[in-house]
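Q: Okay, here's what each chain looks like letter by letter:
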Amino acid sequence: MTDITQLSYALDTFYFLVCGALVMWMAAGFAMLESGLVRSKNTAEILTKNIALFAIACTMYLLCGYQIMYPGGNGGGILPAFGTLLGSENTVAMAMTNSDAPYYAQRADFFFQVVFVATAMSIVSGAVAERMKLWAFLLFAVVMTGFIYPVQGFWKWGGGFLDTAGFMDFAGSGIVHLTGASAALAGVLLLGPRKGKYRKDGMINAIPGANLPLATLGTFILWMGWFGFNGGSQLKLAGIENANAVAQIFVNTNAAACGGVIIALLVARIAFGKADLTMALNGALAGLVAITAEPLTPTAWASTLIGGAGGLIVVTAIILLDKCRIDDPVGAIAVHGCSGILGLLLVPMTNDSATLSGQLLGIITIFGWVFITSLLMWGMIKAIMGIRISDEQEYKGADLVECGVEAYPEFTQTGSK
Amino acid sequence: MTDITQLSYALDTFYFLVCGALVMWMAAGFAMLESGLVRSKNTAEILTKNIALFAIACTMYLLCGYQIMYPGGNGGGILPAFGTLLGSENTVAMAMTNSDAPYYAQRADFFFQVVFVATAMSIVSGAVAERMKLWAFLLFAVVMTGFIYPVQGFWKWGGGFLDTAGFMDFAGSGIVHLTGASAALAGVLLLGPRKGKYRKDGMINAIPGANLPLATLGTFILWMGWFGFNGGSQLKLAGIENANAVAQIFVNTNAAACGGVIIALLVARIAFGKADLTMALNGALAGLVAITAEPLTPTAWASTLIGGAGGLIVVTAIILLDKCRIDDPVGAIAVHGCSGILGLLLVPMTNDSATLSGQLLGIITIFGWVFITSLLMWGMIKAIMGIRISDEQEYKGADLVECGVEAYPEFTQTGSK
Amino acid sequence: MTDITQLSYALDTFYFLVCGALVMWMAAGFAMLESGLVRSKNTAEILTKNIALFAIACTMYLLCGYQIMYPGGNGGGILPAFGTLLGSENTVAMAMTNSDAPYYAQRADFFFQVVFVATAMSIVSGAVAERMKLWAFLLFAVVMTGFIYPVQGFWKWGGGFLDTAGFMDFAGSGIVHLTGASAALAGVLLLGPRKGKYRKDGMINAIPGANLPLATLGTFILWMGWFGFNGGSQLKLAGIENANAVAQIFVNTNAAACGGVIIALLVARIAFGKADLTMALNGALAGLVAITAEPLTPTAWASTLIGGAGGLIVVTAIILLDKCRIDDPVGAIAVHGCSGILGLLLVPMTNDSATLSGQLLGIITIFGWVFITSLLMWGMIKAIMGIRISDEQEYKGADLVECGVEAYPEFTQTGSK
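Chains as they are written, first to last, in our numbering: chain A, 53 to 469; chain B, 53 to 469; chain C, 53 to 469.
Treat the hints as calculated values from the structure; they're not laboratory data. All figures in this text were calculated on a predicted structure; none of them were measured in a lab. Don't be surprised by glycine CBs; every beta carbon is placed ideally from N, CA and C. Heads up, some of the hints might be wrong.
[As the list claims (entries may be wrong)] Each computed BS3-like pair below joins lysine-lysine, with the alpha-carbon atoms no more than 25 Å apart:
id : chain 1 : residue 1 : chain 2 : residue 2
1  : B       : Lys326    : A       : Lys434
2  : B       : Lys288    : C       : Lys247
3  : B       : Lys434    : B       : Lys249
4  : B       : Lys448    : C       : Lys326
5  : C       : Lys375    : A       : Lys326
6  : C       : Lys247    : A       : Lys326
7  : A       : Lys448    : A       : Lys434
8  : B       : Lys288    : A       : Lys448
9  : C       : Lys288    : B       : Lys247
10 : C       : Lys247    : A       : Lys288
11 : B       : Lys326    : A       : Lys247
12 : A       : Lys288    : B       : Lys288
13 : B       : Lys247    : B       : Lys434
[As the list claims (entries may be wrong)] A few chain C residues facing chain B, derived, Cβ under 7 Å:
id : residue
14 : Ser60
15 : Leu264
16 : Met276
17 : Gly291
18 : Thr349
19 : Ala352
20 : Gly431
When you get a sec, could you build the whole thing from the sequences and use the hints?
A: See below:
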């Protein structure tokens, strides 16, 4: 064990922790995005959901999710190795005497992985906003973050059959984003649309979000956090080749977001005659989701185009989903589901190791597993305690009903001075 | 001086600067948290307080605070060594020839320390919100950050008698958070509650905050910044052991916040029948404060429980303080004081080097020193210029009176279109 | 190529990427600052401008800006070397065999540089707010970020004639901030003031911003991002001397912001009798702009004073510009132009390598080039498509006209419930 090993280990650990902190920051991004895009009467409730789901995700992943997803390195197997993170585990120094030594702190790895789970769960909260019961949602979060997500995560990142089958998903267009969107779709289908969204005469009511600066802030937070999300997924920084790769991922991630903004804005201008801000925001996010499947092999230009394709598909998907009366207040299914699938399908264009069949297998497996288990779970919760607040509660708003507080008591008519 | 030393020095300096930038970011967190939890008519004023106190804290700590707190390394003594940061000081390169060489830039250390002072002072502004005079507060900030804080900081972190006595406070549950809360309590006692908070018939009026998304954003910012706060307090990253420690601190800090959220939300649900968002936010912060005294030795599970204990105590303390008619609009005394004491008392459970008597000595010393000097200082300011705005001014709001601007001129009835 | 070189390369690359991510984060800061300082009816539009200009800036700089600004290293010349970032370029590992090898990933350099361009462009959007056509602005952004900015950037940072002439501008008080302000001034002069701002009787109407917490958040975001902006401009971290320099830059940057806040607040108190929050915010930014020209050579105290001078000049300049009927809703010209010039002129006081004549040459060149080319460009756009929305549109607000959405539909009277 040389001094160089010591330093390299420290640098890689730090790189992981910084990237992990950036991904944790995405929790704030989702909270701001979603609270900006719902009506004021449902704002406090969605904020509560966002902070609570983050807490549940981290706790459940510590309890069992991490061990289910990465059983090998943690001495687990079918039963999770609960001991790993409970006791003193600093066997890393010992491990340094081996040639295939880990090159960063295991807890840094846990920290980086755990914030990904929370990201997947955050995607769900937006889609089911303004009508789902708070505690039903949180109960689902327990199962999703402790079981549904880790199992499919194991299949690829834990070395399972999707990994063997050649499915490529660098930072989680499928494992994180499609997973979140699939669970969201299952919930939305069981839940039904918000009251007043789809009129009997076939007209679709636009229900504008209450606070677009917050939604914009959330998008910028997510954009920034994505540097950690994708950049950290290289898993190693120390060394010229890895450093070049991380730098390329940063550039490509940024380029894709830019492409998404530009195309979504132009498409919105052409389709609606207006430069719809919410479409620009969703374009940025769709670009980011699309590049997440493979942020390393494309050139910066190709990344801009991949992001642009995400921007195109997200505007189209939002319109189509609305036509299908699938009510997703923040566009989460379009952004994370449709653009996630797009990103996965585009991988073979820049990465020779990927195949279209491998990608399709991954998409079908992830969607199938997450959608079906989620549908079962949402269905069970619906049977036991119900998943939707009453019509009267929906009219009054989830804030007073679920949280007993108002988000903006002085700004809206219902508010008390 | 080898190349390895050069690199290690650079890595540790960078680690310090990144952590310091995260703690600086907490200033934004406090500003958002507090501005979200006060009424709109007092929002611009509390924002002014927050940005001004940060500026004052950094300037006073540069002027004398740093030298009072860390006299040894800076060639000080009783009189602060004003010269240290004034002139060219790059003797670090020279020092590298010694065996007990500093391993990172001294100014990085200053940067990391200075943002802690500002954190302590930020705690005060929330508790005295909506009724204290702006300039009285800023005058207090001068003394607090230039003298009161550095003296008790010296007693432990500067190598003073609390350090010798075995008091353990890893990242400042006592030195930063209890200090802030003690000064706040002294101010609140002299200041009295807001008009209309406690009715003569014994009823307590809830005065809801004007903007809960901002308060939530503030909590997420503080949560993120806390990785720098606790993670940086290991003081060294380079090397496997230190890197493991920093990673463990990140995981534990996050786990404690999660425990705080979950328990506070459950307690609020049981106590009030509602999932009160503000309790979830205070739970997160209380969990973070509780783990700050010792974020290294507990396991991740123990950290979740420690955070959960913080979440329990903060809800209880907020209710009790309200019963005692101690009016703290944002719950700062409960979060930073009560949970800070809890965290300090729990250190011996996971760290054998700590003793209950040592912890009690530290708590009593810090509270005694800060509370008494603050009470004297607040009293002097009260005698000279008064500390409370008039009843009419309080009714109109501090914004127009102190700042001449409104925070939300278009959203509230008093606003001009 | 030793292991040390590998590690050093990775550390410097990471330092660049972290600093670049912080500067990217400034885009969110400008978006929040500007959206907080305009009226609610123009908020969604300025958010759209901010996210779109960032996307355009990154895309144009990739297309040609980077190659114009740094032709040497990229094999360019008069014609930009479009190939650089298009294909595989990882010649860095090869270059390591040379003695004058690059010491970090070229794409990390691109990432750091590209977010600077976006910063310069963000400055413009605030000054022309509330009355400029969205698409006219975006068209200008294309030319500004793809041509006007890179040309003057080349003159100094690319090794052009200003560099040879001894002009000193460490992190861009001139190249970024004065550039942004000069383009903004040209736009404002062609555009004219907002309706109702300057009355015929000579009175000046204050038009308060709709959301001061957002403006404060934006300021804190910019403050934090500035650590990357200035700290990254050292361009190298690895090694004791560089690490010391970066630490000093962090301390000085922070000190200058603090000085700016304190002086601006005191000046506002004396001039207006009130502690005007917006002046404190502009003071912080002016302090940061002033220190950007030379954040390394001053002591921390000198930095506080330089920042204080920025705080003084910005309040004065805002008042004077208003007297000249130059309507800049967010104070961008005062903050970035006046304080930028101040910072450049103060460089010789702490850095012996700089001369007053060299600084003046730089100021005149940058202002002359950017102002004249911008005026031409704005003029051409005005002739082709017009740059100002109609009076009726201005009365209704740019949001509905340009974006078809409202920023706060439930908080304002025009909003639909």
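Q: Hint by hint, which ones does the structure fall short of?
A: Violated: hints 2, 5, 8, 9, 10, 18 and 20.
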